[in-house]
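Asker: Sequence:
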Amino acid sequence: MNRIWNSVVGKLWVTILLLVSFVLFIITVLMLEFFSDYHTKQAKENLHNEAETIASIVNEHTEVEQAVTIISDILGEDTNALISKKEGQVSYSLHDGLNRTGVQKQLLKDPDLQEAFHSSNTIQKEMILPSLTSENQMESYIVLGFPLDVQEENHGAVFIYQSLDVIHRTTQKTTEIVFLSAFIAFLLTTFFAFFLSTRITLPLRKMREAAFELSKGKFDTKLPVGQKDEIGQLAVAFNQMGRQLKHHLEVINQEKEQLSSILTSMADAVITFNRDHTIMISNPPAEKLLQKWYYRMGANPDKLLPVEMDHMLDHVLHLEEEVQEELEMEGNYYVITISPLYSGDSVRGAVAVLRDMTENHQLEKLRSDFIANVSHELRTPISMLQGYSEAIVDGVVVDEEEKQEMIKIISEESKRMARLVTDLLDLARMESGKMRLYKDEVEILPFLDRILHKFVQRAKEESILLETASSVSPSLRISIDEDRIEQVLTNLIDNAIRHTPANGKITLHVKMHNQMLAVSVEDTGTGIPKEDLPYVFERFYKADKSRQRGKGGTGLGLAIAKNMIEAHEGMLTVDSEEGKGTVFTFQLPFS
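At position 275 of the sequence shown the residue is numbered 373 (our numbering), and the sequence of numbers has no breaks.
None of the hints are false.
With a cut-off of at most 27 Å between alpha-carbon atoms, the simulated BS3-like pairs for lysine-lysine come out as follows:
#1 K207 / K183
#2 K304 / K316
#3 K320 / K304
#4 K316 / K344
#5 K207 / K223
#6 K142 / K184
#7 K207 / K142
#8 K314 / K354
#9 K139 / K207
#10 K463 / K628
#11 K609 / K552
#12 K513 / K558
#13 K463 / K390
#14 K304 / K109
#15 K316 / K354
#16 K552 / K537
#17 K386 / K463
Keep in mind that the hints were calculated from the coordinates and are not lab data.
Please model the entire structure based on the sequences and the hints provided.
Answerer: Right, here's the structure in full:
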């Protein structure tokens, strides 16, 4: 029921019914009033005409009985008449009924009606008289007194009277007809109101259903255009709106996908903020950065941004100007650009672009360190070459033995410089990916024994025990670049001998580990401090911090070894404890 009242049909129907009902009510009241007055007036006119006719007939006929016969045919059945030739006496009475005598006495005694005997005017009034149809009951009557033969001095009169119930019955009948007509009009109005409302609202209901479909994203929904009125024009406009919405939504989706693709493919972190610093949009690099900040700040949801960036965001939102700075935050370096976002003339938020410059800083530091280390490594041999060569040229050294010693030092330093340059070239080729491996199937144990044999004599001179511990098959073969792996092992064993004191031991372990061949060089030397372990594979790292020439290498051996093992798709690791020894292990894939 509520659905009907809340619908357009119900509202139109109620509006039309109320309007028609109000009009019908006014018309009915006016018509009933009109008919009531009309019937009363018509009854009085009829009585006057009948009284005039009766008087005329009585005046024309000398015999009253003859006149009464004619009058009986004229007089209506609901009308009563009394003929009085002499004042106070009844000459003849028409249409007798109950209480007739009492009625006649009141009529003849009424002072107003007595004037009909003495004047030529018609006397008309309403009186309460005994009922002619019921005992002990009074009724309202319309009474009219009409004079007879006014030429005589004491002329008679005709009294004609009619009960008001007759008029009331006529009025009631008229009222019933009026109410019946109003009821029929009400029914017809209801029918036509529903018909009209349905004709109007049926297209509107279709539009409502189409609008719901449109709200669900079905932009191909179309309305039939069957009318040429305003509703038909509305349907045409609705169909055009659907097409335009579909077109604009497709354009927006394309732009959104394009923007999303751009943001996703960007290496820089992009974050969009509201005025309250809440994050609206972020791309994958930004999400990783935010997650890292979140955990570094103790998983506090109220502090998603570092303090430095928060201050920059406040500055942009309040002063409405773009800010670009390079900051160090949480141990990393970023170039941050924050620009305001406008909605009309007011700032609704800001967009921040963060470029991680940490790797650039590290590379710059490595470059600076590399130049400093190379300069340092070259300065010493060059100074020695220059000094000794000048001493020989200038003839400062006269003794032949001393001169030979200087020449030997010059030769060693020259070779050391050559090794340094060669190592630098090898390292550059490996890091640029230009180094080529020449792999071949090699029996691993004979290969390792041959390399170890090169260091036997040197180990004896240093009073160091050199041995092998293997748990693999003697016939085990593996595909490697023999020269490169030999270079790695030579570097590891040489380092172990140089850093192992007399009476120490160096063991070469060979075993299978997780489907890979693991080769370890374990010594009982001085070991590497724990704080230096992360840097042992960097360029120019030396366990001997004093860089004494007696034990100093180029500082590039381990960096080169690591790159060679990684070129074989393996890995090189170190485990060391200061004062107890060091273990270098490389693993190579085995098939």
